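Sequence lines, in order, name chains Y and U. FYI, the numbering for the first sequence is 9 to 683, going by the numbering used here. FYI, the numbering for the second sequence is 9 to 683, going by the numbering used here.
If you're looking for bench data, these hints aren't it; they were derived computationally from the structure. Don't take each hint at face value.
The list treats identical chains as interchangeable, and a pair is accepted whether it falls inside one copy or across any two copies.
[Unchecked claim] Here are the simulated DMTMM-like pairs of lysine to aspartate or glutamate, each with C-alpha atoms no more than 20 angstroms apart in a straight line:
id, residue 1, residue 2
1, K141, D190
2, K269, D548
3, K174, D189
4, K159, E445
5, K51, E92
6, K89, D60
7, K407, D385
8, K582, D202
9, K284, D302
10, K141, D189
11, K141, E404
12, K281, D426
Just so you know, these numbers come straight off a predicted model, no measurement behind them.
Letter by letter, the chains look like this.
Protein chains: 2
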Amino acid sequence: MPRFRDSNLKSQPSVVRKERIKDPKNPKRSVDPAALAMLDKAKEQGIITAFDRFAAQQPRCAFGYEGICCRICFQGPCRIKAEEGPGSKGICGASAYTIVARNIVRMMAGGASAHSDHGRHIAHALLHAAEGKTADYGVKDGDKLKRVAEKVGINTEGKSLNELAKEVSLAALEDFGRQTDDPCRWLYSYITNDRKRKFEDCNIVPTSIDRSVVAMLHQTHIGVDADPVNIIFGGLKTSLADYTGMHISTDLSDILFGTPKPTVSEANLGVLKEDKVNVVVHGHNPLLSQTVVDVAREMESEAKSAGAAGIQISGICCTGNEVLMRSGVPLATNFASQELAIMTGAVDVMVVDVQCIMPSIRNVAECFKTKIVTTMDNSKIPGSHHFAFDENHAVESAKGIIRLAIETFKTRKGCACDIPQVKSKVVAGFSLEAILELFAAINSERPIKVLTDAIDSGELAGVALLCGCNNLEAVHDHAHITIAKELAKANVLMVGTGCSAQALAKAGLLDPVSVEEYAGDGLKSFLQRVAEANKDKLTDGLPLMLHMGSCVDNSRAHDLHTLMAEEMGIDVPKVPFVASAPEAMSEKAVSIGAGFVALGVPTHVGTIPPIEGSKLTYGIATQIASDVYGGYFIFETNPEVAAAKLAAALEYRTWKLGIHRNAAAKYETKLCENF
Amino acid sequence: MPRFRDSNLKSQPSVVRKERIKDPKNPKRSVDPAALAMLDKAKEQGIITAFDRFAAQQPRCAFGYEGICCRICFQGPCRIKAEEGPGSKGICGASAYTIVARNIVRMMAGGASAHSDHGRHIAHALLHAAEGKTADYGVKDGDKLKRVAEKVGINTEGKSLNELAKEVSLAALEDFGRQTDDPCRWLYSYITNDRKRKFEDCNIVPTSIDRSVVAMLHQTHIGVDADPVNIIFGGLKTSLADYTGMHISTDLSDILFGTPKPTVSEANLGVLKEDKVNVVVHGHNPLLSQTVVDVAREMESEAKSAGAAGIQISGICCTGNEVLMRSGVPLATNFASQELAIMTGAVDVMVVDVQCIMPSIRNVAECFKTKIVTTMDNSKIPGSHHFAFDENHAVESAKGIIRLAIETFKTRKGCACDIPQVKSKVVAGFSLEAILELFAAINSERPIKVLTDAIDSGELAGVALLCGCNNLEAVHDHAHITIAKELAKANVLMVGTGCSAQALAKAGLLDPVSVEEYAGDGLKSFLQRVAEANKDKLTDGLPLMLHMGSCVDNSRAHDLHTLMAEEMGIDVPKVPFVASAPEAMSEKAVSIGAGFVALGVPTHVGTIPPIEGSKLTYGIATQIASDVYGGYFIFETNPEVAAAKLAAALEYRTWKLGIHRNAAAKYETKLCENF
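Isolated chain Y, as found in the complex (with noise of 0.2 angstroms):
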């Protein structure tokens, strides 16, 4: 069995040893039909994407892919070479397992500075918003402001919003900047107890963001921690600042820009118009993306006057939720196909802000009309165009850009343009607060009695997120939608965010007419009798998966995971509540995962993160993980495969509880035969 990667490993033995890669030299690597068109396009026009350079780079070093090459200082790179003698460690003398557990530690760090740092913006921006020094920001969502000012302790009584907004952002940001041993205040909001002393046993509370990276920095700098389960436990830490910081980031987001609500709306490139101007906001950061939405509304007339049907905004990535989430934006697709979109010739300009932007997409633009603008100071692409982002101008910031590509349009006119007719309906827009919404109409009490009362009754197998990137090592898409699909049989109420909600709204699983298709029996009752009892608010039904917004917005998730703990009467390990990142990449998504384990949650990873390189390092996060906090990670290639694990983990949860589900039992049978 070939494992694509070249080796130069002796002995040093590989965890999983599994067939990742069908057909690496085949660059048509996706179940997009869309994608697969613009493949089809790339490679007759010869222009390089992302499934080339996949191939390019193929086969990949095992010792980087295992994570035993380090290069954390700069004698080496070291790379463990043998079972026993002067190779089988680093120069300093770090073995296979440090240098594994340093490495992985240090993507939670990234991965927890990006999506923190990102919190910080939206902060700084509600802080000004609230000192009247900023005109183009406000409080959208005062409840939601006050909610939240409740929750992490602020007095509301006989505040003005204004004041309230100053008071909740500056608290938001002493969490990045405490120096204190108090623990994090977002953390200590809103999770159980129980988990707060679980933390303090095992030392890993964060007392701020900021310091929890530096930390994890110098703890793994060269002839620091050599222990793996110290170094392991460090980055749960870490993983937890970073939770925190994802949590600041949707709250604040949600004041500023309001809490999503079900909203319809479209998904994949035939959202692209050739006769309009269009728009794509790409990135992560609705801070200027949501001004370019609404912004946009307004220059319809000027669109019109060069000769567009109008102005037609499409998103790629979590700006691309963000957007879809509060203002039903049609998505034009995510992270591995985001070069395929201007592949389309349509895209007038695409406007970035930060994370997961592939620089390639300036080499794709060139050979069409289409425009790249970048818009944030730490985020630059050399030869683009750049529109700086500041608070105070980010109205004329998104008129200069959509003038920019209404400018561009009059070039683009009467060129022709390749866009798929693929697309499909959407529902989304599903914050915690709009589910449980939806729950109140049929248990205003306790709404989330309904989602644990059908678990309790057999009728769900119980709740999985299913989250996270693509990542080019897999079939594009194709991971996301199988496990969704098997899941959805096996009676889970599946609720997403990120690229893999994406994937599923491009795939048509965000339509609810795909309910009667793919759900059990189980799922499908639930699900028409929650719409049932919302049919004014919701005319179109509820999808197969309920659309819970970007990659920061997974801490919607881990609060619903928290009410069920809280309304079940157990803490979060014991809950029937699993985690997915079919096809993860990027070091958010192994900060995001490690929190997951950490909240106690059975966390499957479809891509393989540099962790095999150490039996030991691999078994703390598999198994030791489980024993201390309960939840684990589960790294399994084959989706088929791993929806039954996350299916056999509610089982297990779910028996444990002493509920006997037939359904349950009878899909665990028929899956098993797949292990």
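Given chain Y, work out where chain U should sit, using these hints.
Using the frame of chain Y, we list chain U on its own:
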């Protein structure tokens, strides 16, 4: 010319192609006779050391070595394998210049984290001492406390030492956690106004230490910044945060433990005593090691009851430098040879704190009676003894550690030891305050003028800081010593820190008698003149290089540089001041080096960091940096040539200042033959 690194590099040009490793299969790569003796013993007894592991790591991976392997996400690893086509970029489309820049600035973030977390630890200790929360620490140097307070703008009037210590430590902690846009206070208290303007113009002013690290990790996350200039400038911001953290470490350590004054001691393995209880302190943080030193003095009788002639404390790495500077504790050895100290069989306990501790010391210790004691929560070595350090029980821990050493001595007594009878006299303890006090004996009004006048008159060619690590890639200590001797000949006044100063100490260059042998006429006359004016205090005279302390004490050298600029009425990039890290290896070294460059210093590095994989990024470090900041990197592996380049850099600056020096001109011509 073999490069001793394997390479799948097809066509990526290497910027510098030099023969770096003379004989990688010869593990006796040291010029230190004590180390050589122990390496013989290691070979004889089949004990593996870093020298063997270095040989086993050859050939090294050329992608990692040159910085063109990206593991920031886990789609790869991606290696830049071609000049064009899909293999010329990472899967995400990142170019070599982006990948190299991201990798190198992440090293700066790691270094800044290590130094700063150390500084934070000291700041908390000072705060707790000031608040009366620990009886084990207190303000030892009230004058320094007042000077620091005044320097950072804290009113000292009418305040008790503890009140002031509390204010100073809180101000320091603010520099770690600030969330506003104000610059780091420590940084802005110590640099010139011209530098402040420059840093503001380039948007590289850190507002807080922790935040700048997080921002850097975010900026280099997948899909964020692709612009190498922007990334490297972001790295410089982190390096200035590092400078801030180093300065806080130095200042607050002086307050807690006293500001160093000239002291006489010894260096090299010959300082170990077979008939004494040998405790070696190793690492970087003086909090516990200084207590060990203090407590040991009170426990001599316990040791004697156990049959020992007493207790011998000696040091390795910067913990060693800290206790040498303040208490005259002898140096055992430096980084590369740390395992070799254990090979003597005479070490009863090696007590380690953080940074640059080879985990392999535990394996070597297993072959002898030696016990390894770890002390910090974030720095453990599986299988070692752990005395959890805690400010409230520091004395108790220190006593426990010494008792363990005494117990170990009892079992060791009578066993044969192999202590190489190699040691040199050392005069160290040259804090900036101590240097200025020496100068004040000649010019009490403006002490620094003694130095600048000597440059003005051509007596001195300028000032060079020798600093940094050992790197097993280089022949142990060779480059440090060679460059020092060459610069001494060229009449350069040298100050030193870290493992570099330790290399010179072991080689006898910190023994004042070395001046006669190695110093050029100008340097000789300068040193003798200053020594003569201070003969009451300096009974042994001045050594060839003034040992300023540990790595964090590079802040002392920065201050010397700034004082010179102020005295000369010019900004720092015009001052004839250079730096050299002849055998750098750690992330801290990358961070310190980048900080020196931003502060206008031509900075030599003798072991090449992973930057050669992109001509553009290499050019930013060596040329664009010079255009913008006046400082720049000189990468040069040949120490003679490096010394010539450093001398030439000084010569260029003195020439620009209109200083004509015959000696220097002659010297430059002579050295230029080596170019």
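Evaluated hints:
1. K141 to D190: between (31 angstroms within a copy, 17 angstroms between copies)
2. K269 to D548: For K269 and D548, only the intra-copy Cα distance (14 angstroms) is at most 20 angstroms; the inter-copy one is 80 angstroms.
3. K174 to D189: between (24 angstroms within a copy, 17 angstroms between copies)
4. K159 to E445: So K159 and E445 pass the 20 angstroms test inside one copy only (18 angstroms; across, 58 angstroms).
5. K51 to E92: between (47 angstroms within a copy, 17 angstroms between copies)
6. K89 to D60: The answer is between: 14 angstroms across copies meets 20 angstroms, while 30 angstroms in one copy does not.
7. K407 to D385: Answer is within: at 19 angstroms inside a copy they meet the 20 angstroms cutoff, but 52 angstroms across does not.
8. K582 to D202: within (12 angstroms within a copy, 61 angstroms between copies)
9. K284 to D302: within (17 angstroms within a copy, 78 angstroms between copies)
10. K141 to D189: between (32 angstroms within a copy, 14 angstroms between copies)
11. K141 to E404: Answer is within: at 16 angstroms inside a copy they meet the 20 angstroms cutoff, but 54 angstroms across does not.
12. K281 to D426: Answer is within: at 10 angstroms inside a copy they meet the 20 angstroms cutoff, but 82 angstroms across does not.
No hint from the list above goes unmet by this structure.
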